[in-house]
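Student: In this note's numbering, the protein residues as written are 57 to 515.
Hint data in this document are derived by calculation from the structure and do not stem from the laboratory. Treat the hints loosely; a few may be bogus.
[Claimed, not checked] Straight-line C-alpha distance at most 20 Å; calculated DMTMM-like pairs for lysine to aspartate or glutamate: (1) Lys269 / Asp239; (2) Lys399 / Asp433; (3) Lys148 / Glu174; (4) Lys269 / Asp290; (5) Lys399 / Glu438; (6) Lys269 / Glu298; (7) Lys471 / Asp433; (8) Lys252 / Asp290; (9) Lys511 / Glu174; (10) Lys467 / Glu455; (11) Lys358 / Asp390; (12) Lys353 / Asp330; (13) Lys208 / Glu250; (14) Lys393 / Glu373; (15) Lys282 / Asp292; (16) Lys208 / Asp330; (17) Lys208 / Asp239; (18) Lys252 / Glu233; (19) Lys511 / Asp108; (20) Lys208 / Asp292; (21) Lys269 / Asp249.
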Amino acid sequence: SSPFQSPPPIGTWKGMASAIPAPARKKGSVLAPTTIQSLSHDTLCVLFSCLDILDLVRCSAVCNSWYLSSLPDNTKSSIIKRSKLLQSLYLKQMRRSGRDVSSRSSDSLEESMSAYLEELALERHRRALVNGSVVIDQWKGHSAGVNQCRMKMGMILTGVGDKVIRLWSSESLKCVEEYPVPDAVRLLDFDFDETKVVGLFGTQLSIWRRNGKRSIFPSKEGTFSKGSCMRYFDPDAVVGCEDGTARVFDMYSRQCSRIIKMHPEAVSCLSLGDDQLMISGSSLGRITVSGLSLDEKIATLKPTDSTGISSLCFNPESSLVFCGTTAGYASCWDLRKMRQLWKRRVSPNVVYSMHHLRNDSSVLVVGGIDGILRVLDQDSGEVVSRYVMDNAAVPSSFEYAHGVGERRPGKRIPKDTQIDGVSRNARPPITCLAVGREKVVTTHNSRHIRLWTFKCRRD
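Put together the whole structure using the sequences plus the hints.
Tutor: Here it is, written out as structure tokens:
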């Protein structure tokens, strides 16, 4: 699969198309405007040959008319794939680095090229967040304050605060779907995948199909001690409860398959791994590890202390667990060695949320009550960048389905700048964040949603 989730702006290509000379026309004839769809196979090949390797990967994911183009004999050709543009750029890059891979088989070459592209994309993501520029789009997404967000597959899910969950496109900021919350219950947490949205309502779970239909678990099988948090990894939804248990529900049979005692106190946050691993934090600072198929916890990473665990994040690529506390500390644990690697005070108060891009082992994004968006080095915990919205800059506006949004540049805060010197208007508390490729979405317990788009500076 492509290492990029979202395509480049189509307007860029329209501009390139308009630069191509129009053919001569007869006097009195009407010529239709030139569009990107009217470009021939050969013209597209010329345009694509001008791009670098990562932009070419982005283009391969834009649309079928670029991936599959009609040739004069009405056969179909994959422009980018069959013209071997990607392969040619990859081989050229390998030769520059002193590695000759041209003698490999086609399957081996394809595999090594995919790995190289993923590595290249992750490096650009790291550079964008650490040293890049940032533009922040802010729009009114709800009628009341919301404090939760998720971002996957180029989509953003927001809610908790009013009576609707909304799914947005991270490119157009268009609301593509809405999921109403019943009046009689309060939404506490949610998650989603390609086909469904799963919500936690106190003592019940609910499923919305992506076609909008909702189904609530039957009361006998779906009720439990009051839930405080929830994570979903198909086919299981795991609910952390105030009685210290984690309850595992199969979303297809709609039954509770496991009840695991994780803590003597309330479960405050959860994180799940690809291999049925579950990590939980407690209100008294404990961190425990278990499996979704087990009946009890298997390890305790951190015993109780005076500060509660407010956020958790697990990286299956490196087997590292990251946690944030109510006292502003962030720490990292290695599950392979079952020991703490680092602990740092990254905020003067609560760390509400932390997240990293899937498969990325370089940077971690952290947000909390002080409203500063921080980028941490995963290996050391060092804060490598801090950002806020630049309220002094003149904003521009953009239209979206529900009205007019505001766009402003972000501002990097120098290391020697005291946080108290930064205006509170520029840094409302970050209640939740989610990381995409070169993007971060944040909620602030307000009606507005912010999408931070980072751009890697050219060398």
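Student: Taking the hints in turn, state whether each one holds.
Tutor: Cross-check of the supplied hints:
Using a Cα cut-off of 20 Å, the hinted pair lysine 269 and aspartate 239 holds, with the two alpha carbons roughly 16 Å apart. Among the hinted pairs, lysine 399 with aspartate 433 is consistent with the structure: their alpha-carbon atoms are about 12 Å apart, no more than 20 Å. A hinted pair counts as satisfied when its Cα atoms are at most 20 Å apart, and lysine 148 with glutamate 174 qualifies at roughly 17 Å. For the given pair, lysine 269 sits about 18 Å from aspartate 290 by alpha-carbon distance, which is consistent with the 20 Å threshold.
For the given pair, lysine 399 sits about 10 Å from glutamate 438 by alpha-carbon distance, which is consistent with the 20 Å threshold. With a C-alpha separation of about 29 Å, the suggested pair lysine 269 and glutamate 298 falls outside the 20 Å cut-off, and the hint is violated. Using a Cα cut-off of 20 Å, the hinted pair lysine 471 and aspartate 433 holds, with the two alpha carbons roughly 15 Å apart. A hinted pair counts as satisfied when its Cα atoms are at most 20 Å apart, and lysine 252 with aspartate 290 qualifies at roughly 10 Å.
Distance restraint check for lysine 511 and glutamate 174: the Cα-Cα separation of roughly 17 Å lies within the 20 Å cut-off, and the hinted pair is therefore satisfied. With a CA separation close to 23 Å, the supplied pair lysine 467 and glutamate 455 exceeds the 20 Å bound. Restraint check for lysine 358 and aspartate 390: the C-alpha separation of about 12 Å stays at or below 20 Å, so the hint holds. The straight-line distance between the Cα atoms of lysine 353 and aspartate 330 is roughly 18 Å, inside the 20 Å bound, and the hint therefore holds.
A threshold of 20 Å between alpha carbons decides the hint, and for lysine 208 with glutamate 250 the separation of about 9 Å falls inside it, so the pair holds. Our distance criterion of 20 Å between C-alpha atoms is met by lysine 393 and glutamate 373, whose separation comes to about 15 Å. Taken as a hint, the lysine 282 and aspartate 292 pair is honoured in the structure, with Cα atoms around 18 Å apart against an allowance of 20 Å. Under the criterion of a C-alpha separation no larger than 20 Å, the hint pairing lysine 208 with aspartate 330 is consistent with the structure, at around 15 Å.
About 28 Å separates the Cα atoms of lysine 208 and aspartate 239, which puts this hinted pair outside 20 Å; it is violated. At most 20 Å may separate the alpha-carbon atoms for a hinted pair to count; lysine 252 and glutamate 233 meet this at roughly 11 Å. Note on lysine 511 and aspartate 108: the hinted pairing holds, with a Cα-Cα distance of about 16 Å set against a maximum of 20 Å. With a CA separation close to 18 Å, the supplied pair lysine 208 and aspartate 292 stays within the 20 Å bound.
For the proposed pair lysine 269 and aspartate 249, the alpha carbon gap of about 15 Å is at most 20 Å, so the pair holds.
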